[in-house]
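**Student:** Build the full structure now, drawing on both the sequences and the hints.
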Amino acid sequence: MSTHTITTQKVNFKVFRFNADVDYLPYYENYDMEVTSEEVVLDILNRIKWDHDGSFSYRRSCRHGICGACSIKVNGKATLACKQSMSSMTELFGNELTIEPLSIKRAIKDMIIDKGDFWEKHDAVKPYLISDVEEHPEHEHLVTPEEAEELNEADLCIQCGSCHYACPVVEINEDFFGPAAFAKAYRFEADVRDDAHTERLQVLHEEKQGLWDCVKCFECQEACPKDVNPIDKITKLHNMLFKEGVATSNVATRHAVGFKHSIAKNGVLDEGGLVLYSEGPSIVKHIPVAAKMFMKGKIVPPWGITKSDNLDEIKKLVESSSTAKF
Amino acid sequence: MAKLKYALFTGCTAKQSTPEQMMSTMAIADKLDIELVELTEASCCGASHLQDYDDFLSLVLNARNIAYAEKHGLTMVTICNTCQLNTAMTKHRLDENADLKARVNEKLAEVGLEYKGTSKITHFLYAIIDDFGLDKLKEMVVTPLSQFNIAPFYGCHNIRPSELQNETHDTPENPYNPNSLDDLIIACGGLNVDYEEKNKCCGFHAELQAPKTAAVLTGKAIAGAMDGNADWMVTPCPLCHLKLDTQTHHASEAIGRDVSLPVLHMQQMVGLALGCSKEELGLKHHLVKVDFV
Numbered sequence: 001m002s003t004h005t006i007t008t009q010k011v012n013f014k015v016f017r018f019n020a021d022v023d024y025l026p027y028y029e030n031y032d033m034e035v036t037s038e039e040v041v042l043d044i045l046n047r048i049k050w051d052h053d054g055s056f057s058y059r060r061s062c063r064h065g066i067c068g069a070c071s072i073k074v075n076g077k078a079t080l081a082c083k084q085s086m087s088s089m090t091e092l093f094g095n096e097l098t099i100e101p102l103s104i105k106r107a108i109k110d111m112i113i114d115k116g117d118f119w120e121k122h123d124a125v126k127p128y129l130i131s132d133v134e135e136h137p138e139h140e141h142l143v144t145p146e147e148a149e150e151l152n153e154a155d156l157c158i159q160c161g162s163c164h165y166a167c168p169v170v171e172i173n174e175d176f177f178g179p180a181a182f183a184k185a186y187r188f189e190a191d192v193r194d195d196a197h198t199e200r201l202q203v204l205h206e207e208k209q210g211l212w213d214c215v216k217c218f219e220c221q222e223a224c225p226k227d228v229n230p231i232d233k234i235t236k237l238h239n240m241l242f243k244e245g246v247a248t249s250n251v252a253t254r255h256a257v258g259f260k261h262s263i264a265k266n267g268v269l270d271e272g273g274l275v276l277y278s279e280g281p282s283i284v285k286h287i288p289v290a291a292k293m294f295m296k297g298k299i300v301p302p303w304g305i306t307k308s309d310n311l312d313e314i315k316k317l318v319e320s321s322s323t324a325k326f
Numbered sequence: 327m328a329k330l331k332y333a334l335f336t337g338c339t340a341k342q343s344t345p346e347q348m349m350s351t352m353a354i355a356d357k358l359d360i361e362l363v364e365l366t367e368a369s370c371c372g373a374s375h376l377q378d379y380d381d382f383l384s385l386v387l388n389a390r391n392i393a394y395a396e397k398h399g400l401t402m403v404t405i406c407n408t409c410q411l412n413t414a415m416t417k418h419r420l421d422e423n424a425d426l427k428a429r430v431n432e433k434l435a436e437v438g439l440e441y442k443g444t445s446k447i448t449h450f451l452y453a454i455i456d457d458f459g460l461d462k463l464k465e466m467v468v469t470p471l472s473q474f475n476i477a478p479f480y481g482c483h484n485i486r487p488s489e490l491q492n493e494t495h496d497t498p499e500n501p502y503n504p505n506s507l508d509d510l511i512i513a514c515g516g517l518n519v520d521y522e523e524k525n526k527c528c529g530f531h532a533e534l535q536a537p538k539t540a541a542v543l544t545g546k547a548i549a550g551a552m553d554g555n556a557d558w559m560v561t562p563c564p565l566c567h568l569k570l571d572t573q574t575h576h577a578s579e580a581i582g583r584d585v586s587l588p589v590l591h592m593q594q595m596v597g598l599a600l601g602c603s604k605e606e607l608g609l610k611h612h613l614v615k616v617d618f619v
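Going down the list, the sequences are from chains A and B.
For the first sequence, position 75 (counting from the first letter as 1) is numbered 75 according to our numbering, and the numbering increases by one without interruption.
For the second sequence, position 89 (counting from the first letter as 1) is numbered 415 according to our numbering, and the numbering increases by one without interruption.
Heads up, some of the hints might be wrong.
[Said to hold, decoys possible] Straight-line alpha carbon distances no greater than 27 Å define the calculated DSS-like cross-link-like pairs of lysine-lysine that follow:
| hint | chain 1 | residue 1 | chain 2 | residue 2 |
| --- | --- | --- | --- | --- |
| 1 | A | 292 | B | 341 |
| 2 | A | 105 | B | 526 |
| 3 | A | 296 | B | 357 |
| 4 | B | 462 | B | 329 |
| 5 | A | 83 | B | 526 |
| 6 | A | 325 | A | 307 |
| 7 | B | 331 | B | 397 |
| 8 | B | 331 | B | 464 |
These are calculated hints, taken from the structure and not from any lab test.
Keep in mind that this is a model prediction, so the values were computed, not measured.
**Tutor:** Below is the structure:
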């Protein structure tokens with residue numbers, strides 16, 4: 001006999017309401033409910049619609065964490081509504097919960113958003129296998145378990161948009177592909193059957209929309225309900241750009257490579273030297289701030305840097321452990 | 327309580343662009359009677375950029391840094407969020423993956439070192455909270471910061487990815503509503519400002535590659551604190567500090583509004599509460615003048 005007991009608690013929900021057809025501004029409606037420990041967030045959305053207001057709108061379909069339709073935000077946390085238990089939400093945030101769509105500025109009706117930008121970027125990375133397959137092959141293209149491992153769970157993505165709308169760069173730079181599209185690109189780049197490697201990577205290397213604009217905030221990893229870990233895929237794609245020779249010399253690639261040179265030289269970073277290496281002649285634009293920093297004793301000249309002790313060890317390791325070339 | 331002793335991984339900025347951070351770290355360690363053994367052999371952690379070029383090299387270098395803390399038999403304390411993330415992530419990956427650990431140790435053996443996985447790695451903020459204790463800190467406050475509204479700015483690499491971060495300290499942190507720095511402010515007698523951007527990104531890591539994006543993020547962070555009526559901001563991360571303190575001009579331009587607030591390192595805030603002098607805390611090294619002391 002199971003000893004599991006079902007508990008209930010009172011929760012106040014502040015729910016985002018907006019109908020783009022009639023409302024000038026969005027507003028929040030309050031609902032107080034008894035919530036049981038067995039419910040998931042989607043149950044709450046259903047109860048709001050069924051018990052309180054039939055016009056309340058949201059997307060839902062599979063109810064099993066596969067279709068990716070029901071992702072919303074609870075207290076700012078991206079949440080796949082059909083998968084997230086209410087008890088985990090109250091444990092994290094207490095009994096006052098704010099329910100919002102993934103992106104307020106893209107809201108159409110209540111939880112429903114216009115995901116057009118997400119799909120546009122998804123499509124831009126050629127999210128499909130590009131392979132020269134004979135029309136009548138003699139046998140299937142076998143993939144070993146080790147090769148399948150290389151996908152690193154990028155194939156688990158359900159396109160729910162949680163990471164995309166959690167990404168602060170997507171919010172600011174509308175050209176930026178975003179973490180979901182990058183993870184999808186990686187899913188095919190890492191597939192041994194795919195032949196598009198450099199063609200797809202070149203698109204990802206583009207400045208402004210590409211990989212190098214990632215701010216490394218880890219919001220995407222935190223947001224993903226399927227543990228795809230998009231930022232890990234972004235790092236792996238960066239590595240591929242160098243490995244496949246797609247990386248060209250720009251401020252971003254030189255910045256990554258510059259760390260190696262600086263470490264090989266001093267162990268610690270030469271901050272000024274790194275900026276100079278990364279920017280090249282464009283360093284002039286940093287002079288006004290650098291001058292102010294110098295006046296405040298915040299800039300150490302190359303000859304004043306305290307190098308790491310046992311520097312010979314570091315030099316030796318940089319020599320023997322390097323796996324990338326540029 | 328036995329005297330607290332840690333291996334200190336200073337990171338690079340504390341020795342170069344944020345000298346005040348080093349000064350205030352040592353000043354409060356002295357006041358709190360915490361012994362910090364500086365890992366002078368440590369190299370740069372790669373600052374989340376080296377691994378974009380050479381992931382394996384980044385692992386080897388970080389494992390070497392940790393190996394030195396292990397040699398002392400001490401917990402490694404970091405004073406930079408990005409050092410914390412890179413080092414803790416290296417530890418996590420090596421502890422989880424015996425094959426990777428063996429490959430890294432093969433390299434470290436060339437210089438007579440070994441990564442064992444015996445040292446804990448934690449940020450100084452959490453060392454103070456978990457090991458020293460905020461109640462004890464509160465008792466030691468001589469100059470309560472009660473006249474200040476202080477906006478905590480957490481910095482991404484101390485709170486995300488939360489699963490990894492929460493392995494490194496005892497007090498769990500909710501990345502969507504973190505409270506450690508708020509608690510520290512309260513322990514110092516200050517009033518903590520709640521604002522939307524407190525757990526958001528400052529943009530530092532894309533400053534060179536995507537200056538516009540980075541400047542907007544910086545601007546929004548300072549503006550959020552200003553709108554929350556903050557007198558100043560406080561952060562445990564020297565990189566966030568650099569961004570928020572030195573880039574106000576670009577940030578203001580990017581969001582079309584003049585934004586600027588003094589930004590203190592958490593060590594400086596604690597130091598003020600403990601009665602350290604402004605000289606000891608290096609307050610003259612800020613671009614946005616710290617004019618309230």
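**Student:** Compare the structure with each hint and give your call.
**Tutor:** Now for the hints, and whether the structure bears them out:
1. Between the alpha carbons of residue 292(A) and residue 341(B) the distance comes to roughly 18 Å, so the proposed pair stays at or under 27 Å and holds.
2. Taken as a hint, the residue 105(A) and residue 526(B) pair is honoured in the structure, with Cα atoms around 18 Å apart against an allowance of 27 Å.
3. For a cut-off of 27 Å, the pair hint linking residue 296(A) to residue 357(B) stands: about 26 Å separates their Cα positions.
4. Proposed proximity of residue 462(B) and residue 329(B) is supported: the alpha carbons are some 14 Å apart, at most 27 Å.
5. For the given pair, residue 83(A) sits about 25 Å from residue 526(B) by alpha-carbon distance, which is consistent with the 27 Å threshold.
6. For the hint linking residue 325(A) to residue 307(A), the alpha-carbon distance of about 25 Å falls within 27 Å, and the restraint holds.
7. Of the pairs offered as hints, the one joining residue 331(B) and residue 397(B) holds, with about 14 Å between alpha carbons and a cut-off of 27 Å not exceeded.
8. In summary, the hint linking residue 331(B) to residue 464(B) is supported, as the alpha carbons are separated by about 20 Å, within the 27 Å threshold.
Comparing the model with each numbered hint stated earlier shows that all of them hold.
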